[in-house]
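Protein chains in written order, with this note's numbering: chain A, 1 to 310; chain B, 1 to 300.
Take the hints with a grain of salt, since some may be wrong.
[Unchecked claim] From the derived model, a few chain B residues whose C-beta atoms are all more than 12 Å from chain A: (1) G13; (2) A54; (3) A116; (4) L119; (5) G164; (6) W165; (7) Y246; (8) P251.
[Unchecked claim] So the derived label-pair ranges between C-beta atoms look like this: (9) B:I140 <-> A:R17: 22 to 30 Å; (10) B:Q226 <-> A:T134: 50 to 58 Å; (11) B:A203 <-> A:Q131: 36 to 44 Å.
These are calculated hints, taken from the structure and not from any lab test.
Where is the CB? At the ideal position from N, CA and C, for every residue including glycine.
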Amino acid sequence: MDPVIELDGLEVRFGQRPILKRLSAALTGRCIGLLGPNGAGKSTLLNTLLGFHKPCAGTARILGRDIRTSARAIRALVGFMPENDAFIAGMTGVHMVRLMAELSGLPPEAALERAHEAFFYVGLGEVRYRQLGTYSLGMKQSAKLAQAIVHGPKLVFLDEPTNGLDPPARLRMIQLIQEISGRGDLHLILSSHLLRDVEECCDQVLILKDGAIAAFCNLEEERRSNRRFLELETRGGSNGDFLQAIEKLGCQSAIGAQGRIKLILPEGLELRRLYEVAAAQNVQIRRLNRKRDSLEDIFLKAMEAPGGRL
Amino acid sequence: MAVYKKTYRPYDGPLTPSWRRLLVIPRYAFQDLHRSRFLTVFYIATFLYPLICALLIYVQHNASALRVFNAEAAQHLISVNVVFFLSLLGWQSMLALFMAAFVGPGLVSPDLAGNALSLYLARPFSRVEYVFGKMSVLAILLSLMTWVPGLLLFLLQGYLEGWGWMSANARIAGGIFFGAWIWILVLALLALALSAWVKWKPAAGALMFGVFFVAAAFGATVDAVQRTRWGHLVQISDLIGQIWVYLFEGPNPTTNGAVFFRVTQGEELPLWCCWSALIALCLVCLYMLARKIRGVEVMR
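Isolated chain A, as found in the complex (with noise of 0.2 Å):
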């Protein structure tokens, strides 16, 4: 599959203080989370992406497109969604949305039926006439949603899309990223300091810590074998005959902290195999985890690596 993404030694400095360090990776999933604590580089990366910042050194390709030489080629195939408040003042919100589908390219009709759907789409179809300065922080989030997909990006940058939503709100929104990002006729880079966030949208993610890549981590695949991967925790019998019987089945196995025991199972495996051989050794399965590293253990791990990578 071509890279969506494409880092490429990309290195970005304020000043003297590097902000960015030689990034390089190839990013290919459907919706992509840049995951990192504060300060660690996650929006300078997105508004350097989008030409707001020049790279020192190293590029990045977008759908195939340099950043160096295509920056408004790009922006065209691009919708963002920036962290903090962005609105003009004194318009409505369907008036804003329209201006921005037009500035994209729409012509005016396409511009203002496409935004009217927009506002419907994200959930504030009753307030479209209302002045974004009279907008709650959840209602200007999903208008900042409208306005960055009301013409029809290829890719959309949400940088902290739940950032301040209560509850509700933030499930709205996780619901309507994952619906977006479901259709698969465009991509999602979803930068985020929240774990949970990216853990319910994303299929690839990107840590990054003080402006380096820490740890690159495909969710789908992890979901994929973690559906392979078992934690049991046993009473009774001898856990050694136990994994004797159970190795015969094709299990690779190996005993975890407090006497758990870790097992991938081979294809074509079924669970009820592990219970009949548990009885048979008279061994009770009394807690089965499918998991293994959560995105919070991958997380962790890379803010605790010496240098920050894994």
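Mind docking chain B on chain A? Use the hints.
Same frame as chain A, now just chain B:
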């Protein structure tokens, strides 16, 4: 598709060419301005002086109209010459300053105050196009107040007086056109730069007047205290007035400038100083705009 179908769909329709997107900003700005009754009335009122001038030109060339009022002698009181057109430009340019101070800050300040620049500039739309689009609003408004009526009156006078007058006074037409454009450029740059810098509409408007009137008072004080003429360097109206005189009359002027833009005889600065000061002012404004009109503001 009906708006109540709440699904996302990509856009696959036609796109407008880049040059048409430049017109989007002025179109929205004019819609916004049209909503202000005060500005609409003020703008209409600015055409009063050119209308009076047109009437004077017409009356001067129609003896029958003067006979109706028993005022044949009035024909000799009105002379349509350099002073006539310089006065027109002076009046209209002063009104243009007020117009720019009212309209200019409202063009940029709301975008900067609401952090909307990242929304504009994340689209296929550059900083230069943004500034150009905003400047074009002022350029169109102020053109209709200054050189457009000026040239129309020049053509009316030429039509009534004859081709000979028109060719003999062609320099006046050039002076009106280029003189007004220099003023418009200075006003537009200053209005945008100040409003980009202070981000608050009322403050930007007040600052605009301050640059003209407070600086003029400061310059006059410097002149008086230091017994010099270099205080005129900070008096924008004096600088532009001297340039106008040159544009209208060349190196041997017979007048000392337009109303509101007049320099006391003997205190004129060398012409290159006036040009340099105005160019420096424009460069400062461009620098201010380049610093402030950005997708994101960088804290170093």
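Each hint tested on the structure:
1. G13: violated, 5 Å
2. A54: holds, 37 Å
3. A116: For A116 (chain B), whose nearest Cβ neighbour in chain A is about 5 Å away, the distance does not exceed 12 Å, so it is violated.
4. L119: Contrary to the label, L119 (chain B) does not stay out of reach of chain A, its closest Cβ about 5 Å off (not over 12 Å).
5. G164: The assertion about G164 (chain B) holds, with a minimum of 49 Å to chain A.
6. W165: holds, 46 Å
7. Y246: Fine: 41 Å to the nearest Cβ keeps Y246 (chain B) off the interface.
8. P251: holds, 46 Å
9. B:I140 <-> A:R17: 22 to 30 Å: violated, 43 Å
10. B:Q226 <-> A:T134: 50 to 58 Å: Holds - the Cβ-Cβ distance for Q226 (chain B) and T134 (chain A), about 54 Å, lies within 50 to 58 Å.
11. B:A203 <-> A:Q131: 36 to 44 Å: Given a distance of about 22 Å, which is not inside 36 to 44 Å, the answer is violated.
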